[in-house]
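Using the hints, position chain P against chain X.
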Amino acid sequence: MSIMGFATAVFLFCLGLFTVLTRRSAFKTVIGLMLMESGVLLLLVSWAYIPGGGPPILPLQGTGVDPLPHALTLTAIVIGACDIALAFAFIMKLERFEKSVDVDRFRRLRG
Amino acid sequence: MNVSLLAVLYLFIAVTALVAVLLEDLLSAFITLSFTGVLMATVFALLRAPDVALTQAIINSGLVTSLLLVAYSQTRKTPHPPEVCDECPSWLQVKVPAFVCSVLGLLLFRGLYSLAGERSLPEASAHYLARTLEETGALNVVGALLLDYRAFDTLGETTVIFAAVSGVSILLSGGKRVHSGHGLSYIVKRGMALLTPFILLYAASILFLGHLTPGGGFQGGSVFATVAILMCVVYGTGFEASRISSKSKETLEAGGAILFVLVGLLGIAWGAGFLSNLPAPFSAGTPGSLLSAGSMPLLNIAVGLKVGAGLSSIFYAMIKILELEDE
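First to last, the protein sequences are chains X and P. Each residue of the first sequence is one higher than the one before, counting from 1 in my numbering. Each residue of the second sequence is one higher than the one before, counting from 112 in my numbering.
In isolation and in its complexed conformation, chain P is listed as follows:
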C-alpha cells in the first residue's frame, strides 16, 4: 500500500470538495464534485474495495453528475440566488454554522481516533471470508453478502429505488415529450452506433459475472442506464423513447422485482426460508463457472433490470419538462 499516494489523494478530495462548495458558478461546482467522486473511486480501489470503487465510479460520478446537469439545465432561466443572505448579520450566516461544524468535526474525530490503529477482522466478516465459497459457491464475497447472506436488505434497497422512481415520476408528471433536438453530428452518431454493442457487452459482463468478479446487478444495470442517457445525448431526445417506450421500462422494472421475489418464494416453497440460496434447490455448480453460486446470477439479473430501467426512467422523467419549457 502506497501511503504517500493515498495521502495525496485524500488531500485532493478535501481540496476539490472545498472548491465545489466555494465556487459561485454551479456548473463548475458540479464538474468539480464529479472529480471528487472519481478521486474517491480511486481511493476505494486502493483500499481494496473493487466493488465499491466500480459502483462509485459508475453511479456517483457518472449517473449522478448527468442528473445534476439535467436539473441544472432545467432551471437555468431562473436567476441563482447570492451565496449568503444579505439582510442577516454575517456572524449568524457564516460564523455560527462554521463554529458548530468545527466543534462537531473535532468531536467526531476524537471518537474515531480511538478506532484507528491495529484492527483485526470481526467474527462475522472472518466467517464470510472463510466460508463464502462453501456456503454460496460464489467467488465475489461482497456479491455473496448482497445477494445471499443479506439478500433481504437488497430487496429492501430495490424497494427504495422503486419508491424513488415513483416519486420522481409523480413529481414530474404532466410534462410532454416532444421530439426536440436532432442530436449531434453524423460522425458522432456513427461512432456511438459502433460503440453501443461494446458498452452493452461491458454492462452484460459486469452483470452476469457479478458472482465471480467485482460488479453485479447494481453496476451492470447502471451501465445499461448510461447507454440510454448516451442515446439521448447523441441521437436527440426522442430517439430512445421511440425505441423503448416508458411502458416497457415499467414492465422491465416490475419484472425485475417479481423475479427477485419469486426466487425468494421458491426458497419458502422448498422449506428453506425466504431468499435462501443453496439450502433451496439451487445448485452451487463448479466454482468459477458462469452458472454457479445457485440463485445469485438470477438475483443479479433481477437487480440489474430494476436498476437499469429505474435509473433511465428517472433520467427521462427529468428530461420531459425541459422540452415542455423549451416550447
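Chain X with its partners taken away, still in its complex shape:
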C-alpha cells in the first residue's frame, strides 16, 4: 500500500538528482532540486499514512494518521519555496553578469 508511495518518492528523488548532475541550464538544476524536495515530502506523508486512519482533525472517529510528519512536511514546503526563490535570485544575478544561464560557464565561481 504505502510501498507505492515510497517507490514514487525514491523515483522523484533520483530523477531530481540525475537532473542536477546532467543538465546544463541553471533552471533545470532548480527543477531537479524541486523534484528532490517533492520526493522527500511524498516520502514523509506516505510514511505518515496509517490504513483506516482519519485526518488529524479533532474529534477523531477511530484512529488518526500520524500528525508529526505532516507538521514537518509543512515546514519543509515553506522553507523549500524560500530556497527556490533564493536560487532564482542567484540565477538572475549570475545571468546579468555572465550573460548566460549555463552552469558550465560560471567559471568565476571555481576556486
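What the hints contain is simulated information worked out from the structure, not anything from laboratory work. Among the hints, erroneous ones may be present.
Said to hold, decoys possible - Only pairs whose alpha carbons sit at most 30 Å apart, straight line, appear in this in silico DSS-like list of lysine-lysine:
| id | chain 1 | residue 1 | chain 2 | residue 2 |
| --- | --- | --- | --- | --- |
| 1 | P | K188 | X | K93 |
| 2 | X | K93 | P | K431 |
| 3 | P | K358 | P | K300 |
Structure of chain P alone, referenced to chain X:
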C-alpha cells in the same frame, strides 16, 4: 482508501516529473512541473493530510510557479544552453550519473522496503492525537504541533523566511521600479476588483481558523501574497507598489516576527517557559470557537503577516530588475 486511484496518481506524478526533466522548452517544463505539484496535493489529500495538501497546492504549485515564470521572463533574452555538453563524451555526461542515480535509488528503496507494511502510531504521535484538545484547546492537531508543541521550530522557520527575503532583496537590489505596463483589459480589471474581497476573505478564514480547520498562518499568508501577485498581473506592475510601499511590507513582516517573540516572552514572564501556551496566561476558551486555543490565533496572525509580506516582497524584488532591463 481507493488504492487504484492512488496508483494512477503516483504513475501520473512519475510521468509528469519525467516529462518536466526531458522537455527542452523551459516554459513547458515549468507548467508540467506545476501540474506535478497539483497531483501531489491531490495525493496528500487522499493520504489524509489536509494541511499539507493545502500548503502544497498554494505554495508549491501556485507561488513557486509564479516565481519560476518571473525568473524565466527575466532571463528570456539569454539563449538557453543545450541540454548536455557536446565536448565531453556522452558516457560521462549521461550514463555514469544515470548509473549512480539508479544504484542510489535501488539502495534507498531496499532500505524503505523494510519500513512498509503494518505500522502503528509512535508514542509521541499517539500522545498528540489523544491529548491535543486537553493540552492546547485546538482542534487541528497539525496546527497545534506547529504553534504549540513545536512552536520553537516555527520561530526558526520564520527566521529562514526572513533570511531568504533578505537574501533576495540584497541580491536584486539596485533595480528601479518603473511604471511599465497598464495591465490587462477593463473587463479583467473589473472582474479582479469584484473577486479581490472574496479572495481576501478566503485568506482571512484560512488564517483565523487555523486552530480549528486545516490551514493556518503559512497557508493564509501565502494566499495574501497571491493577491499581491494577481494585482501585479491584472493592474500592471506599478499599481500594488503605489498602494502598499515596500517599507510598509517590511514593517508588517517585522511586526509579525515581533508579535511571535512577544507572545513567547509572555510565557517566560509568567514563569512557564518560552512560547508556552496554556501554562502561560492564555485561556483555552470553548473548543471549536474562534477565540480558543490560547496563543495559537495570535501566533497564526504573526506567521501570516510574516509569510504574506515576505513572499510578496520576494515577488516584487524579482519584478524590479525586469523593468530595468525593459527600458
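Hints, one by one, checked against the model:
no. : hint              : result
1   : K188/P <-> K93/X  : 14 Å, holds
2   : K93/X <-> K431/P  : 12 Å, holds
3   : K358/P <-> K300/P : 26 Å, holds
In this structure, none of the earlier numbered hints is contradicted; all agree with it.
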